[in-house]
Amino acid sequence: MKIKEIVKILDARVVCGEDQLEQTIDVAFASDLMSDVLTLKNDNVLLITGLANLQTIRTAEMSDISCIIFARNKKVSIELIELARENEMIVLECRFSVFKTCGLLFTAGVKPIF
Amino acid sequence: MDNQMQFEYNVEGGNFTRAGYASSQIKKILKQLNVDIAIIKRTVVAAYEAEVNVVAHAYSGTIYVDIDTEAVKIKLVDEGPGIPDIDQAMEEGYSTASSQVREMGFGAGMGLPNMKKNADKLEISSEVEKGTTVEITMFLNDKG
Ligand SMILES: Nc1ncnc2c1ncn2[C@@H]1O[C@H](COP(=O)(O)OP(=O)(O)O)[C@@H](O)[C@H]1O
Ligand SMILES: [Mg+2]
Numbered sequence: 715m716k717i718k719e720i721v722k723i724l725d726a727r728v729v730c731g732e733d734q735l736e737q738t739i740d741v742a743f744a745s746d747l748m749s750d751v752l753t754l755k756n757d758n759v760l761l762i763t764g765l766a767n768l769q770t771i772r773t774a775e776m777s778d779i780s781c782i783i784f785a786r787n788k789k790v791s792i793e794l795i796e797l798a799r800e801n802e803m804i805v806l807e808c809r810f811s812v813f814k815t816c817g818l819l820f821t822a823g824v825k826p827i828f
Numbered sequence: 289m290d291n292q293m294q295f296e297y298n299v300e301g302g303n304f305t306r307a308g309y310a311s312s313q314i315k316k317i318l319k320q321l322n323v324d325i326a327i328i329k330r331t332v333v334a335a336y337e338a339e340v341n342v343v344a345h346a347y348s349g350t351i352y353v354d355i356d357t358e359a360v361k362i363k364l365v366d367e368g369p370g371i372p373d374i375d376q377a378m379e380e381g382y383s384t385a386s387s388q389v390r391e392m393g394f395g396a397g398m399g400l401p402n403m404k405k406n407a408d409k410l411e412i413s414s415e416v417e418k419g420t421t422v423e424i425t426m427f428l429n430d431k432g
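Keeping their order, the protein sequence lines are chains A and B. Note that the working numbering numbers the first sequence so that position 62 is 776, with each residue one more than the last. Note that the working numbering numbers the second sequence so that position 59 is 347, with each residue one more than the last.
Bound conformation, chain A alone:
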């Protein structure tokens, strides 16, 4: 699915990566535990999380994850945005809970990893 469709489904705010919304993702994974994210073997993963700190971006960087959704209105810091920009990531913010975010995307056809 294209990121721009995800933005529409979630009525999300694009924090950075505005110019990359044509990119597609294959599967999605939701976790606040970065060690869990670091066990994933898949490419092209969309990460949905409520953990908005620099380690979220570092984890995505190491895992080759290029799109992150921060759910439940988690506000990201300037430092986080800068680090995400440096890594050419797409960062989205949405107001729904992690549960609802996942539900909406699952219903729209985004595939889980497991």
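Think of the hints as simulated: they come from the structure by calculation, not from any bench. Positions of the beta carbon are idealized from the N, C-alpha and C atoms, including for glycine. Incorrect hints may have been included.
Unchecked claim - Here are some of the chain A residues that sit facing chain B, going by a computed Cβ distance under 10 Å:
hint, residue
1, Asp746
2, Thr753
3, Lys755
4, Thr763
5, Ile771
6, Thr773
Claimed, not checked - In silico DSSO-like pairs for lysine-lysine, Cα to Cα no more than 27 Å straight-line:
hint, chain 1, residue 1, chain 2, residue 2
7, A, Lys825, A, Lys814
8, B, Lys361, A, Lys755
9, B, Lys361, A, Lys789
10, A, Lys755, B, Lys329
11, A, Lys716, B, Lys329
12, A, Lys755, A, Lys814
13, B, Lys418, A, Lys755
14, A, Lys825, B, Lys405
15, B, Lys405, B, Lys329
16, B, Lys319, A, Lys755
17, A, Lys755, B, Lys316
18, A, Lys755, B, Lys405
19, A, Lys825, B, Lys329
20, B, Lys409, A, Lys755
Got chain A sorted already, so can you dock chain B with the ligands onto it with the hints?
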């Protein structure tokens, strides 16, 4: 690439703002050297969990990176409390992490087991009240 390259990074215990900086640099270097992307991912995932462990569990540390045509070796030497029982620390779910570490998205006792899965070779030695040394080896050609 040149026959051999070496890099060194300092790691500050407790400084979660900087945690991952060294692993990020390692990733950039390996990309520049055109190392296979699957190997890069395994390398930096292991390096990052190891770097986070120094930040989470030790006082300070140094990461020595050694790259030649055969292998990437990442050695993390820290000054810290050490690990009294390494076999126990390697068990999935074993953790002594503080709540601060858990708030950062770590502390589930998954780091060492995941390092073991990703590294071609993982060697750990530790002395209680002195510190810990973790060495990650990744083979660049056929697994040695
Ligand atoms: N560099 C280190 N110095 C001291 N203790 C460590 C170090 N690395 C790991 N440990 C110990 O091993 C445990 C397990 O590590 P790990 O599997 O990475 O899980 P976590 O870091 O989530 O606790 C830690 O909780 C800690 O007790
Ligand atoms: Mg750890």
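Restraint check, 10 Å cut-off on beta carbons, for A:Thr763 near chain B: holds, 8 Å
Holds or violated: A:Lys755 to B:Lys329, with C-alpha atoms at most 27 Å apart: holds, 9 Å
Supplied contact hint for A:Asp746, tested at 10 Å Cβ to chain B: holds, 6 Å
Interface hint status, A:Ile771 versus chain B (Cβ within 10 Å): Check passed: Cβ of A:Ile771 comes within 8 Å of chain B, closer than 10 Å.
Proposed proximity, A:Lys814 with A:Lys755 (alpha carbon, max 27 Å): Holds, at roughly 25 Å.
Holds or violated: B:Lys361 to A:Lys789, with C-alpha atoms at most 27 Å apart: Violated. B:Lys361 to A:Lys789 sits at ~38 Å, over the 27 Å cutoff.
Satisfaction of hint between B:Lys316 and A:Lys755, Cα-Cα up to 27 Å: holds, 20 Å
Holds or violated: A:Lys825 to B:Lys329, with C-alpha atoms at most 27 Å apart: holds, 22 Å
Hint status (Cβ of A:Thr753 to nearest Cβ of chain B, threshold 10 Å): holds, 6 Å
27 Å limit on alpha-carbon distance, applied to hinted pair B:Lys361 and A:Lys755: Distance ~22 Å between B:Lys361 and A:Lys755 Cα, so the pair holds.
Holds or violated: A:Lys716 to B:Lys329, with C-alpha atoms at most 27 Å apart: It holds: about 24 Å lies between the C-alpha atoms, which stays within 27 Å.
27 Å Cα cutoff - pair B:Lys405, B:Lys329: Judged against 27 Å, a Cα distance of about 12 Å means the pair holds.
In summary, the structure is inconsistent with hints 9, 13 from the numbered list given earlier, while agreeing with the others.
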